[in-house]
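Protein chains: 2
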Amino acid sequence: MFVSTQIQLAARPQGWPTHDDFRTVQVTHGPLQDGEVRVRNAFVSVDPYMRGRMNDTRSYVAPYALGETVTGGAVGRVVESADPSLPVGTAVLHQHGWSDAVQAPASTFRAVAEIPGVPLSVHLHVLGMTGLTAYVGLTAIAGLREGDTVFVSGAAGAVGSSVGQIAKLLGAGRVIGSAGSAEKVDALTSRYGYDVAFNYKDGDVRGQLAAAAPDGIDVFFDNVGGDHLEAALDAFNDGGRAALCGAISGYNTTTRAPGPDNLANVITRGLTLQGFTLAGYLHLAPEFTQAMTGWFGAGTIAYDETVVDGIEHTVDAFLDMMRGANTGKMLVRVDG
Amino acid sequence: MFVSTQIQLAARPQGWPTHDDFRTVQVTHGPLQDGEVRVRNAFVSVDPYMRGRMNDTRSYVAPYALGETVTGGAVGRVVESADPSLPVGTAVLHQHGWSDAVQAPASTFRAVAEIPGVPLSVHLHVLGMTGLTAYVGLTAIAGLREGDTVFVSGAAGAVGSSVGQIAKLLGAGRVIGSAGSAEKVDALTSRYGYDVAFNYKDGDVRGQLAAAAPDGIDVFFDNVGGDHLEAALDAFNDGGRAALCGAISGYNTTTRAPGPDNLANVITRGLTLQGFTLAGYLHLAPEFTQAMTGWFGAGTIAYDETVVDGIEHTVDAFLDMMRGANTGKMLVRVDG
Numbered sequence: 001m002f003v004s005t006q007i008q009l010a011a012r013p014q015g016w017p018t019h020d021d022f023r024t025v026q027v028t029h030g031p032l033q034d035g036e037v038r039v040r041n042a043f044v045s046v047d048p049y050m051r052g053r054m055n056d057t058r059s060y061v062a063p064y065a066l067g068e069t070v071t072g073g074a075v076g077r078v079v080e081s082a083d084p085s086l087p088v089g090t091a092v093l094h095q096h097g098w099s100d101a102v103q104a105p106a107s108t109f110r111a112v113a114e115i116p117g118v119p120l121s122v123h124l125h126v127l128g129m130t131g132l133t134a135y136v137g138l139t140a141i142a143g144l145r146e147g148d149t150v151f152v153s154g155a156a157g158a159v160g161s162s163v164g165q166i167a168k169l170l171g172a173g174r175v176i177g178s179a180g181s182a183e184k185v186d187a188l189t190s191r192y193g194y195d196v197a198f199n200y201k202d203g204d205v206r207g208q209l210a211a212a213a214p215d216g217i218d219v220f221f222d223n224v225g226g227d228h229l230e231a232a233l234d235a236f237n238d239g240g241r242a243a244l245c246g247a248i249s250g251y252n253t254t255t256r257a258p259g260p261d262n263l264a265n266v267i268t269r270g271l272t273l274q275g276f277t278l279a280g281y282l283h284l285a286p287e288f289t290q291a292m293t294g295w296f297g298a299g300t301i302a303y304d305e306t307v308v309d310g311i312e313h314t315v316d317a318f319l320d321m322m323r324g325a326n327t328g329k330m331l332v333r334v335d336g
Numbered sequence: 001m002f003v004s005t006q007i008q009l010a011a012r013p014q015g016w017p018t019h020d021d022f023r024t025v026q027v028t029h030g031p032l033q034d035g036e037v038r039v040r041n042a043f044v045s046v047d048p049y050m051r052g053r054m055n056d057t058r059s060y061v062a063p064y065a066l067g068e069t070v071t072g073g074a075v076g077r078v079v080e081s082a083d084p085s086l087p088v089g090t091a092v093l094h095q096h097g098w099s100d101a102v103q104a105p106a107s108t109f110r111a112v113a114e115i116p117g118v119p120l121s122v123h124l125h126v127l128g129m130t131g132l133t134a135y136v137g138l139t140a141i142a143g144l145r146e147g148d149t150v151f152v153s154g155a156a157g158a159v160g161s162s163v164g165q166i167a168k169l170l171g172a173g174r175v176i177g178s179a180g181s182a183e184k185v186d187a188l189t190s191r192y193g194y195d196v197a198f199n200y201k202d203g204d205v206r207g208q209l210a211a212a213a214p215d216g217i218d219v220f221f222d223n224v225g226g227d228h229l230e231a232a233l234d235a236f237n238d239g240g241r242a243a244l245c246g247a248i249s250g251y252n253t254t255t256r257a258p259g260p261d262n263l264a265n266v267i268t269r270g271l272t273l274q275g276f277t278l279a280g281y282l283h284l285a286p287e288f289t290q291a292m293t294g295w296f297g298a299g300t301i302a303y304d305e306t307v308v309d310g311i312e313h314t315v316d317a318f319l320d321m322m323r324g325a326n327t328g329k330m331l332v333r334v335d336g
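Residue numbers (full-length UniProt numbering), protein chains in the order written: chain A, 1 to 336; chain B, 1 to 336.
Chain A extracted, bound-state conformation:
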């Protein structure tokens, strides 16, 4: 008998999600069918974009269905196989989401290379989705150029902690990051390649950014929105480009906040604000993987994980991540 513990969406959250919006279920799977495999997860991902899918609103991906398991990235290992392409022991990446184990067709899993001494979880961040997000935002969206001054909001998060390093590797000049604690600000400059960093919880994001970027910014990689976008619009040099990746400051509000009061700068300075999600840029994954594997292998990519143990604490991990409790990637470790 193969049993899994899964977290389902029980109700659509209003504002901040609560435990009542989710339900933990035990699922007993039927006999393994030809072409199926059974996987025990090692790490399950919790990501900001999931909050949007919990709403029943138009977005680039369909909303999560009520009463179904929350899908998303996870990595694990095949423990039983009825498909020759994925023998027992294979490390796999998949999108089955918040569960400690999965039984599903082999075609819904992708084998990943194991790197000696490196946890499988890197395929959920620096070598996976969040690393690709950083790369796409800097290259395809913001068109990073040699010597550009780059500002990154939410710079100590899963995406932001890669953005600074990739920007430097791609030739950026000054790279500036904001984060929400003194520890994170320290990590930005000591670990993640940022030249200068500030704590947005100290207030006056506009003033702090202006002080950090006396010659203005050319590229803005936004994970936060709100006052960070407003500050960037004031700091932009002519022809500046913003890659709008996330706006976590507004994900759990029940009222929609007004936008920045200085959008007129977009016209007078000839700025470009481009939003993106990975869906339209998966064709860049091979190019990214080649570059990142090289950097990673050379030991030039620093990363951190904030790990919560136990699938039953997935919702806690998700909420902690939304509150900014993580440095680097927030993960749920399933197999202890």
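Treat the hints as calculated values from the structure; they're not laboratory data.
Among the hints, erroneous ones may be present.
Unchecked claim - Short derived list, chain A residues pointing at chain B, Cβ under 7 angstroms: (1) GLY259; (2) GLN274; (3) PHE276.
Said to hold, decoys possible - Far from chain B by the CB rule (all over 12 angstroms, computed), these chain A residues: (4) TRP16; (5) HIS19; (6) THR24; (7) ILE141; (8) PRO214; (9) ARG241; (10) GLU305.
Every residue gets a Cβ at the ideal spot worked out from N, C-alpha and C, and that includes glycine.
Please build the complex by placing chain B on the supplied structure of chain A, with the hints as guidance.
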């Protein structure tokens, strides 16, 4: 003796400009020097962007200096010449601005072709700056594609009245315009190539746009900002592109209005908002002139002028234009 009447900026307007912010002066010019010409203007241009230059704030062009003549587009004819390149009688375009006559080096004027039966003023709009603005916004900024649904705010103005027609000529599908009076709305569909139009002063721009664009919009050409930008963000299809050309709704406010409350759509729908001014796109002028001369010669470009007579009424014309009193291009006719 060569005397000109010029309008100078006397004070920086706070909010809506008043006559007290300007001063009319008579200038007696010295003897004509080698290389100079004297020009009597036929038409002087008043344009929305001039309002921005009246403020002492950073912008793509320097602010107007206090106590100097307001510069900008004008067309006229050489009446005395001390430069063989511009003989008496030559029709010229220049940037000397709000004056009934100019004495200046020949190099600061550009000879323009006269088209039989067509007033020189077309070089101040459809064959000039505003036509080029429409063309650049649709092509270089918004990347107009065959079949795109296009929404244009302030569509009956000098720029907007060209945008609809050029969009159609370049292969757009449905083209939707907004304007501020029933007469203008009628002109949009009867003269300017729009498929459907609405009066934004009837309110509910979001609802009116949604009704006009049941299948969403792909391109937004914005001259207005404010509620028009907000409405467009709700109407955009995935991958939509906005050319932000102007935001006249905010030019005369003394407080900065908050931005749209739905900027999150930029991310979830993968939108691009790009501001622009002509300064960076003058290299497209030859391409535009070739295309527009062809369309214009074929009689396919409709245009209108709202003309105020007399250089002494230039400020009235400017204020009327800011209030939307014009259909098509607002001009001051100087030589009666």
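Quick rundown of the hints versus the structure:
Hint status for GLY259/A relative to chain B: holds, with the closest Cβ pair at about 3 angstroms, below 7 angstroms. With a least beta-carbon distance of about 4 angstroms to chain B, the hint placing GLN274/A at the interface is held under the 7 angstroms criterion. With a least beta-carbon distance of about 5 angstroms to chain B, the hint placing PHE276/A at the interface is held under the 7 angstroms criterion. The beta carbon of TRP16/A is kept farther than 12 angstroms from every beta carbon of chain B, the shortest such distance being approximately 17 angstroms.
Non-interface call for HIS19/A relative to chain B: holds, since the shortest CB-CB distance, roughly 26 angstroms, exceeds 12 angstroms. No Cβ of chain B approaches the Cβ of THR24/A within 12 angstroms, the least distance being about 29 angstroms, so the stated non-interface status holds. Interface exclusion of ILE141/A from chain B breaks down, the closest Cβ pair being 9 angstroms apart, not more than 12 angstroms. Even its closest Cβ contact with chain B, about 15 angstroms, leaves PRO214/A beyond 12 angstroms, as expected for a residue assigned away from the interface.
With a least CB separation of 9 angstroms from chain B, ARG241/A falls inside the 12 angstroms interface cut-off, contrary to its annotation. Non-interface call for GLU305/A relative to chain B: holds, since the shortest CB-CB distance, roughly 25 angstroms, exceeds 12 angstroms.
Checked against the numbered hints given earlier, this structure breaks hints 7, 9; the rest are met.
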